[in-house]
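Residue numbers (our numbering), protein chains in the order written: chain A, 8 to 197; chain B, 8 to 197; chain C, 8 to 197; chain D, 8 to 197; chain E, 8 to 197; chain F, 8 to 197.
Just so you know, these hints were derived from the structure itself, not from any lab. What you are looking at is a predicted structure, and each value in this text was computed from that prediction instead of being measured. Incorrect hints may have been included.
For identical chains, the list gives no copy identity; a pair is met inside one copy or between any two copies.
BS3-like, lysine-lysine: derived pairs with alpha carbons at most 27 Å apart [stated by the list, open to error]:
hint: 1; residue 1: K62; residue 2: K88
hint: 2; residue 1: K194; residue 2: K88
hint: 3; residue 1: K88; residue 2: K195
hint: 4; residue 1: K62; residue 2: K23
hint: 5; residue 1: K62; residue 2: K194
Number of protein chains: 6
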Amino acid sequence: MWVYEKKLEYPVRITKPDVQMAKYLITQYGGPDGELSASLRYLNQRYSMPTNRAKGILTDIGTEELAHMEIVATMVYQLIKDAPIEVLKEAGLGGHYAQHDRALFWVDANGVPWSAKYIAALGDPVADLHEDMAAEQKARATYENLINLTDDPGVIDALRFLREREVVHFQRFGETLVHVQEYMNSKKVF
Amino acid sequence: MWVYEKKLEYPVRITKPDVQMAKYLITQYGGPDGELSASLRYLNQRYSMPTNRAKGILTDIGTEELAHMEIVATMVYQLIKDAPIEVLKEAGLGGHYAQHDRALFWVDANGVPWSAKYIAALGDPVADLHEDMAAEQKARATYENLINLTDDPGVIDALRFLREREVVHFQRFGETLVHVQEYMNSKKVF
Amino acid sequence: MWVYEKKLEYPVRITKPDVQMAKYLITQYGGPDGELSASLRYLNQRYSMPTNRAKGILTDIGTEELAHMEIVATMVYQLIKDAPIEVLKEAGLGGHYAQHDRALFWVDANGVPWSAKYIAALGDPVADLHEDMAAEQKARATYENLINLTDDPGVIDALRFLREREVVHFQRFGETLVHVQEYMNSKKVF
Amino acid sequence: MWVYEKKLEYPVRITKPDVQMAKYLITQYGGPDGELSASLRYLNQRYSMPTNRAKGILTDIGTEELAHMEIVATMVYQLIKDAPIEVLKEAGLGGHYAQHDRALFWVDANGVPWSAKYIAALGDPVADLHEDMAAEQKARATYENLINLTDDPGVIDALRFLREREVVHFQRFGETLVHVQEYMNSKKVF
Amino acid sequence: MWVYEKKLEYPVRITKPDVQMAKYLITQYGGPDGELSASLRYLNQRYSMPTNRAKGILTDIGTEELAHMEIVATMVYQLIKDAPIEVLKEAGLGGHYAQHDRALFWVDANGVPWSAKYIAALGDPVADLHEDMAAEQKARATYENLINLTDDPGVIDALRFLREREVVHFQRFGETLVHVQEYMNSKKVF
Amino acid sequence: MWVYEKKLEYPVRITKPDVQMAKYLITQYGGPDGELSASLRYLNQRYSMPTNRAKGILTDIGTEELAHMEIVATMVYQLIKDAPIEVLKEAGLGGHYAQHDRALFWVDANGVPWSAKYIAALGDPVADLHEDMAAEQKARATYENLINLTDDPGVIDALRFLREREVVHFQRFGETLVHVQEYMNSKKVF
Numbered sequence: 008m009w010v011y012e013k014k015l016e017y018p019v020r021i022t023k024p025d026v027q028m029a030k031y032l033i034t035q036y037g038g039p040d041g042e043l044s045a046s047l048r049y050l051n052q053r054y055s056m057p058t059n060r061a062k063g064i065l066t067d068i069g070t071e072e073l074a075h076m077e078i079v080a081t082m083v084y085q086l087i088k089d090a091p092i093e094v095l096k097e098a099g100l101g102g103h104y105a106q107h108d109r110a111l112f113w114v115d116a117n118g119v120p121w122s123a124k125y126i127a128a129l130g131d132p133v134a135d136l137h138e139d140m141a142a143e144q145k146a147r148a149t150y151e152n153l154i155n156l157t158d159d160p161g162v163i164d165a166l167r168f169l170r171e172r173e174v175v176h177f178q179r180f181g182e183t184l185v186h187v188q189e190y191m192n193s194k195k196v197f
Numbered sequence: 008m009w010v011y012e013k014k015l016e017y018p019v020r021i022t023k024p025d026v027q028m029a030k031y032l033i034t035q036y037g038g039p040d041g042e043l044s045a046s047l048r049y050l051n052q053r054y055s056m057p058t059n060r061a062k063g064i065l066t067d068i069g070t071e072e073l074a075h076m077e078i079v080a081t082m083v084y085q086l087i088k089d090a091p092i093e094v095l096k097e098a099g100l101g102g103h104y105a106q107h108d109r110a111l112f113w114v115d116a117n118g119v120p121w122s123a124k125y126i127a128a129l130g131d132p133v134a135d136l137h138e139d140m141a142a143e144q145k146a147r148a149t150y151e152n153l154i155n156l157t158d159d160p161g162v163i164d165a166l167r168f169l170r171e172r173e174v175v176h177f178q179r180f181g182e183t184l185v186h187v188q189e190y191m192n193s194k195k196v197f
Numbered sequence: 008m009w010v011y012e013k014k015l016e017y018p019v020r021i022t023k024p025d026v027q028m029a030k031y032l033i034t035q036y037g038g039p040d041g042e043l044s045a046s047l048r049y050l051n052q053r054y055s056m057p058t059n060r061a062k063g064i065l066t067d068i069g070t071e072e073l074a075h076m077e078i079v080a081t082m083v084y085q086l087i088k089d090a091p092i093e094v095l096k097e098a099g100l101g102g103h104y105a106q107h108d109r110a111l112f113w114v115d116a117n118g119v120p121w122s123a124k125y126i127a128a129l130g131d132p133v134a135d136l137h138e139d140m141a142a143e144q145k146a147r148a149t150y151e152n153l154i155n156l157t158d159d160p161g162v163i164d165a166l167r168f169l170r171e172r173e174v175v176h177f178q179r180f181g182e183t184l185v186h187v188q189e190y191m192n193s194k195k196v197f
Numbered sequence: 008m009w010v011y012e013k014k015l016e017y018p019v020r021i022t023k024p025d026v027q028m029a030k031y032l033i034t035q036y037g038g039p040d041g042e043l044s045a046s047l048r049y050l051n052q053r054y055s056m057p058t059n060r061a062k063g064i065l066t067d068i069g070t071e072e073l074a075h076m077e078i079v080a081t082m083v084y085q086l087i088k089d090a091p092i093e094v095l096k097e098a099g100l101g102g103h104y105a106q107h108d109r110a111l112f113w114v115d116a117n118g119v120p121w122s123a124k125y126i127a128a129l130g131d132p133v134a135d136l137h138e139d140m141a142a143e144q145k146a147r148a149t150y151e152n153l154i155n156l157t158d159d160p161g162v163i164d165a166l167r168f169l170r171e172r173e174v175v176h177f178q179r180f181g182e183t184l185v186h187v188q189e190y191m192n193s194k195k196v197f
Numbered sequence: 008m009w010v011y012e013k014k015l016e017y018p019v020r021i022t023k024p025d026v027q028m029a030k031y032l033i034t035q036y037g038g039p040d041g042e043l044s045a046s047l048r049y050l051n052q053r054y055s056m057p058t059n060r061a062k063g064i065l066t067d068i069g070t071e072e073l074a075h076m077e078i079v080a081t082m083v084y085q086l087i088k089d090a091p092i093e094v095l096k097e098a099g100l101g102g103h104y105a106q107h108d109r110a111l112f113w114v115d116a117n118g119v120p121w122s123a124k125y126i127a128a129l130g131d132p133v134a135d136l137h138e139d140m141a142a143e144q145k146a147r148a149t150y151e152n153l154i155n156l157t158d159d160p161g162v163i164d165a166l167r168f169l170r171e172r173e174v175v176h177f178q179r180f181g182e183t184l185v186h187v188q189e190y191m192n193s194k195k196v197f
Numbered sequence: 008m009w010v011y012e013k014k015l016e017y018p019v020r021i022t023k024p025d026v027q028m029a030k031y032l033i034t035q036y037g038g039p040d041g042e043l044s045a046s047l048r049y050l051n052q053r054y055s056m057p058t059n060r061a062k063g064i065l066t067d068i069g070t071e072e073l074a075h076m077e078i079v080a081t082m083v084y085q086l087i088k089d090a091p092i093e094v095l096k097e098a099g100l101g102g103h104y105a106q107h108d109r110a111l112f113w114v115d116a117n118g119v120p121w122s123a124k125y126i127a128a129l130g131d132p133v134a135d136l137h138e139d140m141a142a143e144q145k146a147r148a149t150y151e152n153l154i155n156l157t158d159d160p161g162v163i164d165a166l167r168f169l170r171e172r173e174v175v176h177f178q179r180f181g182e183t184l185v186h187v188q189e190y191m192n193s194k195k196v197f
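Bound-form chain A, shown alone:
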């Protein structure tokens, strides 16, 4: 189970509303390679991992991705929450306003709702860890695109933090893959 702690893993300091950026950034909330995809992928896969260490790593990272999801949500909401209707229309978010007002929703940057088809679980630890390493690379690339789409220093600062964490997770999944392969080889021997 999880205990909520009323603070963000990393502080968000948005200096000005930017509806256009909110439209793009929401992909890391409800898009294919966003934080929801990451968290649900890892928390789901952990059950079929063969060692407690691997289960623990997936639980840890899956939980941290929940925190990242909250950081992204906070950013998107701050960028959009006070925007006049005309500004939303100009940024291509008139449709979002019609359907959700200024609320968040689990959609990508084009308004396509999140689907579990974005993620995978094979029950094969080697396949699943490759899926996870690929996921971290895709999230990293998406954060780099998002950094290119804005010049707000507060947004960039948080995106850089999130991008860095994906790089760290990629490395941890790589180590876990080695660990799992060693474990599976050792089982075959004895």
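Go by the hints and put chains B, C, D, E and F onto chain A.
Leaving out everything else, chains B, C, D, E and F in the frame of chain A:
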């Protein structure tokens, strides 16, 4: 952010494998009215709630639904993890085995992947709280169906706990609706 | 069965084309909380309602929502049918033109096709009527957003009518819920 | 607008429950080539048809398909409504029961929810009428498969009626295509 | 099996980048009536065709549609590959950039991912060939819309070629329908 | 463009019909980690690869996956094409028969239609190649599950061939990743 605590909100005591029940139960993991739907619905809506009290209740319940999701996951995995392939085939889970081995996945009882189309956020607190009350009623009804589908006392015991929590959440959302409506009326007056 | 009567339930008087508004308004035709969702939800649920009165109310309202769907369709088509291609492009409807010319389609304001995942039927009359009350609240909120997105008096007039009907339906579903709960309690007693 | 008349276009006489058949038959309610697809396809396309005659035919047939949808719904519900849980489980409808009890839902025979992706509207009358003719052929073929899947005379009788209507609609769409092409040619001349 | 030949079926000569047009054109790559839909529809249906001639025609046309898919891909990529981020944003492709940089993806003009729900296979040759004829009409209409959306002579030239091929395929499917119906009638006689 | 060669890349020798296996095997035709996913993933990504060598490898493997798709299609069709209706019903393919007779369709083992949401293209060669390596691992694991689901030597023989090819592709994508990273580093230096 969330801190993971390595225990279940409610203990799961499955006395025997039951693949058929796993196939049905998974709907409360990745189906339309399951715990993922509940958690993502509330954690997403909280940003646009008008008072801290309403935000807090949605955060609390959304966090508890994460714990329920973990209870359901644990049950499904215990029911399925040691099943021989032939048993999976007989229970209509041969397709699940082909695609996921015995791993969990975010699907309903027919194998349809979870979609954010199942949930809503209007940004209108009255509409959103009605959506939440309806969600709790739908989850309650689903748990009642699931209780009818099994005779394993351990499964029934956990399902009754989860059903009870939905009834409590329904009441809390009802109270929150009254609170929010009072708040909105008071704002109109002053 | 249904008999078609060649008139709109409420007259539509669009004074000028407005492609931008058509793009938003289409969500009440083919979006998550639109008239198609409403009609298909009620006409589907009626079979498992426990009394003839409840069945009749769902049939009546489901049939009226078909009429509302036609009102929205008429409005969208009038707003868009004579628009030059350049105007469609500027309003973000170039993609719609590529795929549908100026025809209607069952999509939301972002072009996402309608899905039955938007609606529910639990076969539990209490859960289903809460779903219906929530649906009316969500439709009401969407109409309010749409009213804010236009200043055409003819569009606003029709939207206000449609919004009012959702409020009336919400009340009728509330009364039906009381009726159904009384019926179910009476059955338990005798 | 539509007026509901409390009778079926064709009487349904189910002589015995048959849950297995209900599972298959539901595809003509909420599956790709079913009556919902048909009705929504025609009622949507009528707006962009170039003549009143073509608009009228699409309205007529679209309205009749609503009646067919009701016939199929009535059949499915009669086949399933009194079935014990064990019978539902054996017929592969345990998942349906978990999620919907014995209520209807807009799904295909595998439980996949209906999507507007099944249908099309190009706004080009020639393309749209070919789409409609193909739709009638696909519905006809599906009814033939369904007839092969049952030996209940009451079910077969209604399915034959529905199959016949698709053949008639196919012919009417063929005539409408000729009419529309003549109209379009005549417009080019003058 | 297929052998790749490193040339396009028809040369693509794009004279200038046009991100806006890329956004629309991508519907013929990954949209409902595009070349992927066409190719997968025919290559899938060929197995259940009753004669070798019909199987051969579906294989031929399905293979040619793969080549058309490549032509469209080449055009879209040339129109978009060197575009500055600001130009992508202005054309409504900021969301595409966030998620895919300037890579291609199987989406329609609104960013909705391709789904097999767009196509059909009934296993009934008459129904399937009507589906194919309708598909060619829908593709033709889409190419006509796309031609209206651009004034680049190189783009128009390739689109005209692709449009022409759809007309030819429509005729070939019509002939195949006659052939299949004759074959089926002859089988009934003897 | 592609030239069709009328032979399978690997011969298929099915010794007996096996409808149950067809139901599972179809996931490698139209399921999340099947051959369609593989082919469309690689053929789409090649455009944004930075070197001709990388483009060539993606084209080669993407083309070979088309051939694998054809092998799987041939197997599924041979396993199912002569099956009596009762056998289809017993194997859980009664729904497939209702909707598709014995034709193939792009679905997973539960009848869920293929979606481009299963695959990714980031336009970042490192991320895309990790996605491809993960895809090969997931396909390998699926083939291993399928081998466990049958005892037909002809089916197993073809599945082993397909599994082997995924291992080879995994290695080739690994080499391509090294090549691409060296290329990108060299560009930074000079």
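Status of the hints after comparison with the structure:
{"no.": "1", "hint": "K62 to K88", "in the structure": "between (38 Å within a copy, 15 Å between copies)"}
{"no.": "2", "hint": "K194 to K88", "in the structure": "between (55 Å within a copy, 19 Å between copies)"}
{"no.": "3", "hint": "K88 to K195", "in the structure": "between (57 Å within a copy, 20 Å between copies)"}
{"no.": "4", "hint": "K62 to K23", "in the structure": "between (41 Å within a copy, 23 Å between copies)"}
{"no.": "5", "hint": "K62 to K194", "in the structure": "within (18 Å within a copy, 40 Å between copies)"}
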